[in-house]
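K.L.:
What follows is each chain in one-letter form.
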Amino acid sequence: MTKLKKFLRSKKMVTIVWVIGILVIWEIFAFIVQETKRTPINVLPHVWQIIGSFFSDNKVSGQLTMAELIGQSCSETLLRAGLGFLIGTVVGYILALLMNLSGVVEKIAFPYLMLIQMIPILGMAPIILAITGDINTSRIVIAAILTFYPVSTNVLAGFKAVEKEKHELMYSYAANKFQLYTKTLIPACIPYFFTGLKISAPMAITASILVDTLQGGNGLGCMLSQSLKGGMTRLVFWDIVLMSAIIGILSYWIMGVIERLLCPYKRKKSED
Amino acid sequence: MDTQTEIMLDNIGMTYKTTDGRDVTALTSVSLNIQKGEFISLLGPSDCGKTTLLRIMADLLQPTQGTITVGGETPRQARLKQRYGIVFQSAVLYDWRTVKKNVMLPLEIMHVPKAERSERADKMLELVGLTDFANHYPNQLSGGMQQRVGIARALALQPEILLMDEPFSALDEFTREKLHMDLLKIWRKTNKTIVFVTHNIQESVFLSDRVCVLSPHPGRLSAVIDIDLPRPRTMEMRNTPEFTELVAKVRGSFEGV
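Residue numbers (the working numbering), protein chains in the order written: chain A, 1 to 272; chain S, 1001 to 1257.
If you're looking for bench data, these hints aren't it; they were derived computationally from the structure.
Beta carbons: idealized from backbone N, C-alpha and C, even for Gly.
Just so you know, nobody snuck in bad clues.
FRET-style restraints, in silico, Cβ to Cβ: (1) S:Ser1046 x A:Leu101: 31 to 39 Å; (2) A:Thr137 x S:Arg1076: 52 to 60 Å; (3) A:Leu115 x S:Ser1046: 41 to 49 Å; (4) S:Lys1114 x A:Trp26: 57 to 65 Å; (5) A:Pro120 x S:Ser1046: 51 to 59 Å; (6) A:Ile186 x S:Ser1253: 44 to 52 Å; (7) S:Asp1228 x A:Ala157: 48 to 56 Å; (8) S:Thr1025 x A:Val91: 45 to 53 Å.
For reference, chain A alone in the conformation it holds in the complex (with noise of 0.2 Å):
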């Protein structure tokens, strides 16, 4: 009874009563569309079926199997958004310690980086194609680009909250400034550097397969737009939807990985 009653208290709970709904009310759906459609696979195929093709031994592409062509695009897609994604996370921290730094280089920059922030994608897709003149290398550039406006400004937050008692502390230890940084300010915001790549990694891989439909070549977005255009079938779209969000999933989780593992003393509290 208590074991039950701690199971109904538990996140695990929550996540299977949300997957559980989810799938629920996808196959409902899924069988009216299949009893009232001609082509129930173009609106919204079972389940099954997406699962069911990705294992499937038919070729989809050429040579290749859903399970190969998925791999591979992924592969792709995933190295261009993890490229930017560094990319704008060591941008996104520099800038953040510049303006902590400089109260001239915050107000300078601080109000405007919300700006890049709030142009549309796949309006800025076509600027940065025609700056750098490769379709990859402007996928990569927009993935930065979404990653370093969260991580600049939790970063900054984070080393704005440390408390100024932890200043003068410091102040009385006659600590210099790079000691005031590396034992202080950058240890106490990593918490708030993790909620910023925690935003900003599903942020780069959604990015990155937006700005794949914009041409050809390889990559989970190239595919899904060749899919709905009726190049392969329809499955391969519902496939790369499934593995974007898993994908999508997957990042935030090894963000959370990855900040247990730095933060042990987080873990143990929650342990408690």
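Please build the complex by placing chain S on the supplied structure of chain A, with the hints as guidance.
P.N.:
Just chain S now, with coordinates in the frame of chain A:
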């Protein structure tokens, strides 16, 4: 106890400018000599400037009037020589560092060699009775234990002067009384000069050699009362008529509250 002056305050005044341009006097003409090895309390209600006075000693604030010397030097020179240990009202621990690493923090800043850092931190933790908690994280400790880590960290620097800003005011009565005894024991062992800010009359009488009574509007030093209770102080002393008398005397010295 030798009678060398450690901190000399001469006619210290502090005037702030508020955002709407008015002048607010936080402190006016405070003169006081604090002896080496003395335990002195700054006692008063909120707004009496006691924390301001402590912050002036710590070189966290510059007085707008008067002069202050610490061991014959300016507070800034004393700070740069790391002669201060500061304990705040909250423990201000670094939650990503274990208890021991918290205590080692000032030693890292001072570039003390690694082996010595560890040795000194162990010694300090023993002094405050937290040896068994060296590898715990601050959020696993009670409020009283956290404050003891804060004290150990302040002592690790081996400062000559310990500045304490209402260090026990957030703790419950039982923990506080226990920490009073611990602090007095540490003080006896280490011979520090301690400046202790508090708004608790009993606390100031029990701990101090002298109680400096500050009164608000404007903050000023209204009395300095010698506490001639014998040392070492014991818990039972709180129940003696002498203690009660001194508490009454201190209470009677407040003006304009």
